[in-house]
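If you're matching them up, the sequences are chains A and B in order. As numbered in this note's numbering, residues 880 to 1700 make up the first sequence, in order. As numbered in this note's numbering, residues 5 to 472 make up the second sequence, in order.
If you are wondering where the hints come from, they were derived from the structure by calculation, not from laboratory data. All values derive from a computational prediction rather than experimental measurement. Some clues are possibly wrong.
Pairs of lysine to aspartate or glutamate, EDC-like flavour, derived with a Cα cap of 20 Å [as the list claims (entries may be wrong)]:
| hint | chain 1 | residue 1 | chain 2 | residue 2 |
| --- | --- | --- | --- | --- |
| 1 | A | Lys1017 | B | Asp392 |
| 2 | B | Lys363 | A | Glu1063 |
| 3 | A | Lys947 | B | Glu411 |
| 4 | B | Lys218 | A | Asp926 |
| 5 | A | Lys947 | B | Asp405 |
| 6 | B | Lys218 | A | Glu1063 |
| 7 | A | Lys895 | A | Glu987 |
| 8 | A | Lys1056 | B | Glu209 |
| 9 | B | Lys363 | B | Asp392 |
| 10 | A | Lys947 | B | Asp420 |
| 11 | A | Lys937 | B | Asp420 |
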Amino acid sequence: MAIKDIEYVTIEVDGKPVSLRKDKPILWGLRDQGFDIPYFCAHKWLDPLGACRMCMVKVSWNGKPMPKLQISCAITPAEGMSVETRVDEVLTARREQLEFHLINHPLECPVCDKGGECMLQDQTYEHGCGEGRYTENKKVRSDRQMNAYIQINYKRCIHCKRCVGFTDEIDNSHLLKMVSRGAESWIESYPTSDDLPYFSGNVIDICPVGALTATNYRFTMGRPWEQELTASVASLDSTGTNIWLNGRLGHVARIIPRENEAVDVGMLDDATRFSWESIDDPSRLRKALVHDNGETRSVKLAMAQELLAEKLSAILEEHPSDSVGVIAGGNRTTEEYMSLRHFATRVLDTRWYAFGEDLAGPEGMSEVVLDALLSGATSIEHILAASTILTIGTDLWEEAPVLGLRANVEVRKRHRRLVNLRSHGSKADDFATYIDYGYGNLLRTVRSATNALLGSGARTPEGDRLADSLRQVGDDCAILYGSEVWRDPQAREVIVAIQDLRDAIRRANPDCAVYSNAVYPSANSAGALLAGWFTKFGRPGSGKESCGGIGKVLKAAADGQLKALFICDYDTLSRYPDRQLVEKALKATGLTVYAGSFGNPTSTHCSFHLPLGTWAHFDGTVVSLEWRVQKRRRGQIDSVAPSLSELVNGISGDMQRGFLGTTEDMYSQLRHNLEFWPRDEFGKFPYKGVLVTPRAKLNANRSAVSELPAEYGAGAGELVVIPKSFLYNDRDLLANSPVFGKVAMPFHAFMNPADMQAQGISDGDTVAIGGITLTAKERDWVRSGSVVVNDFCHTAPANSAGGPGFTSAGIKKASLAGSGA
Amino acid sequence: MAKGNPILMNGIRHECITPVSALDNEIGIRSLADYESKARYVPDGKPGGYRAIQHVLNNMSPEQVIDEVKASGLRGKGGAGFPTGLKWSFVPKDHPGPKYLAINGDEGEPGTFKDRYIMEDCPHRLIEGAMIAMHAIGAEQTYCYIRGEFYDSLRLLDDAVKECYAKGYLGDNVFGTGKRMHFQVHTGAGAYICGEETSMLSSIEGSRGHPKMKPPFPAIEGVFRKPTIINNVESIACAPAIIDAGAGWFTARGTEKSPGIKIVSVSGCVRNPGWWEIEYGTPIGVIVNELAGGLLPGRKLKGLIPGGSSCPVIKGEAAYDVPFDYEGCVAGGSMLGSAAMIVLDDSIDMVGVMRNFSKFYAHESCGKCTPCREGTRWMLQIHQRILDGGGTMEDLDLLIDIINGIEAKSFCPLGDAAAWPVRSAVERFPEDYIAWIEKSSRFNALKENGNGSASPAGSEEAAEVEAS
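The shape of chain A in the complex, shown without the other chains:
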């Protein structure tokens, strides 16, 4: 079901001909064209409910008026229809309904946080009767907390039931329900202690009154009209969700969605929405830390820069090239990555630079993989319009939440198919076909499915299941692959195998378009790729090419080849799969520098910790998984937060190596280097971003491999350890937002009930897995024979549960004395 042409029909509205979409209720079309029809309960995401009765209009068919007024949120336009929106009958009806809405409303606008952006306030001003005739007692019910993020104020509620509709129709959490009957009814929430909210914050936006407000915004962060809006882009995942940074006096006061119908249609995940407190958190590093002889000194950034420049100059004097390793990561802008690469190649003259979140396994990037990443990609609009969506090794709700949510909505409301191939179940599997491949056997399963579709070669039962679900994909099929692919030691082969599968689907379904998009491990991996962090990209530039992978840099460091290691915003110790290698590398390298906004295990192991601003501190572009280049704009003004460009420019200046260029310079270079880069100027970058089609001159001849690798399984008495990327990871941004302290973060060992019974473990016990200690949680979405752990937890890092690659570990109940973790 590819994107279809929209059909329009012309009807008469207030005596004028108006052209409206045939498939949508007339309310939306008329409002878009400037007809002021008030409404509360209707919402573009939701099915029409017809509860508020505000949007009533007078409808006639071929001149014959219908006996009753009709609600415009529920009728679609058709030939012969005419609509009156301003006749007396309609205006009176609006006034009457508005009076009903207001009789139990407390009218406490002066103290309500919604004041200034409240639909009820606006519409009362526009359509209300100006005075109230209600002299009886109003209903009251005391406030309560809906979950850790949201407060319900019952008195203000007008029972539009949009929030109930959201939890029923969109995120399927059923968190909110109506209780009791009639005027005595109210909205009740049923939060369960272990279920984290993923999208609950959206009900704050869709609440037309101030009944649902954010706990960390209400009463403290000012009024809407005092705030400056900055159009920015979310930084926790690669969807490229659009946001407004609401700033007051230069400080970010909240994050709200910015509707971009091509990306997010105004939806936002809770992690991004409530992470704003971390931007101005007191624990953010404002001065530089120098670890020296077991002592930690806090010094001014300028001093630390000078000191570092001195040391780096000394190293370079002795070993002029390839003596310093540079690792970048996190969610920096493309321009910052560009300047850091210039720093690495021009100033440090090294080829030992690599991106932290690897895209091609320890072997490094190859042209075939690069071709796979670039060539199959399509836009989110096309992904969601595809008749079959296949996800491979990715839990969209955790890794690209807004995309995952939208995919689930498409599946439910527009009958698309969703096939999830993963090692464990997830919430994203409601309404989807879920195929468990058995962690460690991704390559085996994908190749086997390809063989099954092509009808030759060896096969496995999981592969057959996958192939069966792909024989009839419809008009088009979109493949999304993510974390479990990146984490696979054979990531390169897996990515190529997915391309083979793509070809096989195309062969099995002639006339079918098949796309494949990567769900990147960090918000701007795609930008780092374009900035040349994996392999040389675009027009030949100066400087050396990257050695190809973070594994190679760490190995070189561990071997003592590197004299200094410059790590930027990537918690290597916690995140890199081979923890021992990182420990060795950090120990073997004389000078270690960490630049980042917050402290973490890696930063404490480094001799320098330099402060950086967060993602909200500066302008720059980011590239999302659909290759949409978007501009992230600064919402926070802060004198003690340099950008990565400013930092490396400072160090370079102190080293007498000259100025590397401003952010604008970097942007111009990107535009010059990459012929597909948007032609817009940096200062006038479009608010909705620009979709680009990246191309590279590649020699990407791949030959399909049909043989299956050996099956991976856990050792006797052991469970396969599955590190999982959660939306609520212990990322710096989340760890430092106080509101998340009230939410139970998923730092647990999630186990299958059968395994727990076999091992004599009960829910809530502390268990030791390899080298880490966690609380066991019983979950039926975990496959028997495996244990799911959070892939990024400072206190119990998954990478110390075993060695590199796939690991399995014995699991046992830890003694109470040892359960300090």
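Let chain A serve as the given structure and place chain B on it in line with the hints.
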């Protein structure tokens, strides 16, 4: 006297489907004890039971059944009076999946007590009717939704269904014809709104009893999103008689536009309240004075509600001349509704009655749409305030304004149901309201003059007594 004789209480019973016996047979069905002693409506017990369905299964195509019911002019007995045969023909014939029949036995309308007697006294008549309807629309499953408070109806109908399953009348092989027909009794939890058809479907599905958006209409997408025909218990129970005695038997009775027979339940200030089966078109005076025994001595008719609490009140003795059919009641200023006649004599205070009605509707409003949720509560509050001695003359205009905001603007007919009786009371009996308001303003004036210890003529107790 208009045409037609009342058929007392038994036309619905199988023995009475032929005109002769229907006129003469008089069997009082009042108590459960009585019920247990009567012969049951099963073939081996009485001649004729399940004769119609066997005839239908063996000799009639679904189209023929629908045509027969259309020809009989049977109109839905739940209140709206939609032609039943026409409704059955709306089900898409080529629908691939299952179709359902849903029988509405919620009977929540205050004043109505007709369906419960069908379910309690002649449940087999209902089951047979359901089987005919299932054959006509091609359904294999019936859901009979019974109001939560009807414990006896539930038990007795359930027993009858079990009996049918045991005898092979229901099940996977009905009467050996190989057809599947199932009948499930489903109870509500005592919500008036679940008598509205889409709310009833929500309730059967296990959701909250909130009305759903139409279109899609239930005949296209009903319970479990499958085509569903929803009929009232009484309409379904008429089907066997129509098949058995022919459409002509039905059209020979009643008026031209409202043919056939109807059960009327009479309550209120009459000597002999009860339910009777009558022909459409019988004047209300006949029903009240001859069947229900007339008013108490010395009383005069103040008002009459012909169709249950949601219909406007007809003022005065003019009501006696109104013919009891759909068109006649509308011409008389009210509606036939569910044919639940509530008789109010001159001892009744209309404000108290309306307070009770408003209380009922405010309590039963589901809370989905704003005008009904807020408006019913507001009306109740105003009535209570008038009765408590706080009424003003502006309240009458305010009540009419509130009613204007609810009427034809609420999501489902519950709002209309709440608004119509109050509108008729305010417009046709303003003197009752004005009496309360004047009484309380005299009292307030007295209070201001320093005689505050006087009580306002026992306002509260009086209202309670008069309204009950």
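Evaluation of the provided hints:
With a C-alpha separation of about 18 Å, the suggested pairing of Lys1017(A) with Asp392(B) holds against the 20 Å cut-off. Between Lys363(B) and Glu1063(A), the direct Cα distance comes to roughly 13 Å. Compliance with the 20 Å bound is thereby established for this hinted pair. Between Lys947(A) and Glu411(B) the alpha-carbon distance is near 10 Å, which keeps this suggested pair within the 20 Å criterion. Of the supplied pair hints, the one linking Lys218(B) and Asp926(A) holds, its CA atoms being roughly 13 Å apart against a limit of 20 Å.
Taken as a hint, the Lys947(A) and Asp405(B) pair is honoured in the structure, with Cα atoms around 17 Å apart against an allowance of 20 Å. For the given pair, Lys218(B) sits about 26 Å from Glu1063(A) by alpha-carbon distance, which is inconsistent with the 20 Å threshold. Taken as a hint, the Lys895(A) and Glu987(A) pair is broken in the structure, with Cα atoms around 40 Å apart against an allowance of 20 Å. Between Lys1056(A) and Glu209(B) the alpha-carbon distance is near 16 Å, which keeps this suggested pair within the 20 Å criterion.
Taking the CA atoms of Lys363(B) and Asp392(B), the gap is near 15 Å; set against the 20 Å cutoff, the hint holds. Annotation: proposed proximity of Lys947(A) to Asp420(B) holds, straight-line Cα distance about 12 Å (limit 20 Å). Between the alpha carbons of Lys937(A) and Asp420(B) the distance comes to roughly 19 Å, so the proposed pair stays at or under 20 Å and holds.
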